[in-house]
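If you're matching positions, the sequence shown starts at 1 in UniProt numbering and goes up one per residue.
A couple of the hints might just be wrong.
Here are the computed lysine to aspartate or glutamate pairs in the EDC-like style, where the Cα-Cα straight-line distance is at most 16 angstroms [to be verified]:
#1 LYS186 with GLU32
#2 LYS186 with GLU275
#3 LYS186 with ASP301
#4 LYS186 with GLU48
Computed beta-carbon distance windows for the label pairs [claimed, not checked]:
#5 ALA338 with HIS254: 44 to 50 angstroms
#6 GLU32 with ASP357: 29 to 35 angstroms
#7 GLY236 with ASN122: 56 to 62 angstroms
#8 GLU32 with ALA216: 23 to 29 angstroms
#9 GLU262 with SER352: 34 to 40 angstroms
#10 HIS254 with ALA216: 19 to 25 angstroms
#11 ASP347 with GLU32: 28 to 34 angstroms
#12 SER193 with GLU258: 27 to 33 angstroms
#13 ARG248 with ASP347: 32 to 38 angstroms
#14 ALA119 with ARG139: 18 to 24 angstroms
#15 ARG248 with VAL164: 51 to 57 angstroms
#16 VAL164 with ALA119: 18 to 24 angstroms
#17 GLY246 with ASP120: 23 to 29 angstroms
#18 ASN109 with THR15: 37 to 43 angstroms
Bear in mind the hints are in silico, worked out from the structure with no lab data behind them.
Just so we're clear, the structure is a prediction, and the values are computed from it rather than from any experiment.
Using N, Cα and C, we set each Cβ at its ideal position, and we do this for glycine too.
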Amino acid sequence: MSKNRFVLITGVEFTNQGAFLMMRAAMQEVRERLGAVPVLDYRVGTAEEREAVGARTFVPVRLERVAGLPGIGPAMSTATQWIHPRQLTAVLDASGYRYGDAWTSLDLNSSVLRYRRFADLNIPVYVLPQALGPFEETRSVAVSILGTSRLVFARDPDSYRAIVDVAPASALDRLRQSPDFTGGVKGAEPVPSWAEAGNAPLVPNWNIAERAQSLAARDQYIQNLADLAVELHRRGFAPYGLSHEGARDTRLLHEVRERVDEVDFPVVGGFNGLELKWIIGRSGILVSGRYHALASALSQDVPVVAHGWSHKYRWLLEEHGCASTLVDPYSPRGSQFAALDRALSMDRATISAGAEDYREANRRMWDSISADLEMVQTG
């Protein structure tokens with residue numbers, strides 16, 4: 001593909017650092033494998049942030065329909081430097097986890113309508129590996145996304161079964177299974193550098209606290225994090241709080257710090273996803289309720305204790321040979337220490353083998369997208 005081809009990456013952002021990591025991983029492949037220029041939505045970050053990562057800006061959503069009309073888009077692009085729909089070579093959906101009953105509060109129909117407009121303009125859409133389902137309440141959304149996408153990649157077996165169960169027979173050949181695709185993107189050392197070998201970051205997830213069935217369950221989650229911090233200190237680690245997604249995660253870490261008076265527990269944040277990956281890669285162990293913090297650790301052979309709230313966590317751990325270190329974040333006090341024992345005794349070669357399997361699967365996934373896109377372009 002020539003350098004004047006443009007690929008829009010949707011479902012990403014600069015605030016959620018898991019989404020940022022997926023954005024950077026997708027941008028890397030758009031440039032290196034597809035030979036195209038990455039494009040981000042007008043509403044994703046600021047103009048300065050988009051420019052800093054080397055992305056062009058797509059026309060605002062409210063103007064998409066008119067910008068897709070013959071003659072209108074080019075004039076608009078000349079005046080604003082925005083990329084308009086008819087300039088797109090493809091669209092990559094890197095949402096991570098958007099389609100399913102867990103997110104009925106989101107305006108999923110807006111994605112459906114948007115992808116239909118792309119399909120009407122013969123712009124191929126590829127849904128990159130993500131958690132999907134269940135679809136008891138959002139079946140129509142799933143079917144519509146299938147109908148407007150060239151390929152849909154489920155991130156794990158549960159997600160694959162969920163999408164297969166609602167797919168019409170005509171769409172089954174568009175479905176694939178492939179794991180998280182951020183393993184191949186390298187971390188970036190923060191400036192000034194921050195991290196010491198042997199440190200043990202604790203990464204909370206406000207979503208786990210918010211999904212607790214009671215205030216007592218929420219309190220237990222915070223207490224479990226505090227107990228793990230104290231236990232890690234007892235075992236010779238230097239525990240600290242690492243915020244992976246801004247203010248809400250940071251508030252949880254301050255709650256944890258209030259419960260560990262006997263241990264020095266600094267709380268740090270403000271890093272982007274690449275910097276977080278670099279920091280996590282230099283840790284002795286990670287305790288996390290954030291999926292992409294766990295993925296960053298496992299891709300660098302760092303053992304983990306994982307707090308999960310959906311099926312995506314179980315498969316990530318299982319496929320890296322460490323399912324036994326996944327624990328219920330609300331479990332009774334002290335019950336987390338057995339998982340910590342298992343994590344610390346984990347053979348890192350086992351984790352490494354799983355990470356290499358992920359990277360090989362990623363290569364196959366991008367190969368299939370590249371081949372399909374070439375077929376579309378030459379067809």
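Hint check results:
Among the hinted pairs, LYS186 with GLU32 is consistent with the structure: their alpha-carbon atoms are about 14 angstroms apart, no more than 16 angstroms. Of the pairs offered as hints, the one joining LYS186 and GLU275 holds, with about 9 angstroms between alpha carbons and a cut-off of 16 angstroms not exceeded. Under the criterion of a C-alpha separation no larger than 16 angstroms, the hint pairing LYS186 with ASP301 is consistent with the structure, at around 14 angstroms. A hinted pair counts as satisfied when its Cα atoms are at most 16 angstroms apart, and LYS186 with GLU48 does not qualify at roughly 22 angstroms.
Checked against the hint of 44 to 50 angstroms, the pair ALA338 and HIS254 fails, with Cβ atoms roughly 28 angstroms apart. Separation of GLU32 from ASP357 is about 21 angstroms and departs from the stated range, judged on CB atoms against 29 to 35 angstroms. Our hint of 56 to 62 angstroms for GLY236 and ASN122 holds, since their Cβ atoms are close to 60 angstroms apart. At roughly 50 angstroms, the beta carbons of GLU32 and ALA216 sit outside the given window of 23 to 29 angstroms.
Remark: the range hint 34 to 40 angstroms for GLU262 to SER352 is upheld by a beta-carbon distance near 35 angstroms. Taking 19 to 25 angstroms as the suggested C-beta distance range, the pair HIS254 and ALA216 conforms, at roughly 20 angstroms. The hint said 28 to 34 angstroms for the Cβ distance between ASP347 and GLU32, and at roughly 33 angstroms that hint holds. For the hinted restraint 27 to 33 angstroms between SER193 and GLU258, the CB-CB distance of approximately 29 angstroms keeps it satisfied.
Checking the proposed 32 to 38 angstroms range against ARG248 and ASP347 shows it holds: the Cβ atoms sit about 35 angstroms from each other. Evaluation of the 18 to 24 angstroms hint for ALA119 and ARG139 yields a pass: the beta carbon distance comes to about 20 angstroms. As the Cβ distance of ARG248 to VAL164 is approximately 35 angstroms, the hint placing it in 51 to 57 angstroms is violated. Between VAL164 and ALA119, the C-beta spacing of about 21 angstroms keeps the proposed range 18 to 24 angstroms intact.
At about 37 angstroms, the CB distance of GLY246 to ASP120 disagrees with the hint of 23 to 29 angstroms. The beta-carbon spacing between ASN109 and THR15, approximately 23 angstroms, falls outside the hinted interval of 37 to 43 angstroms.
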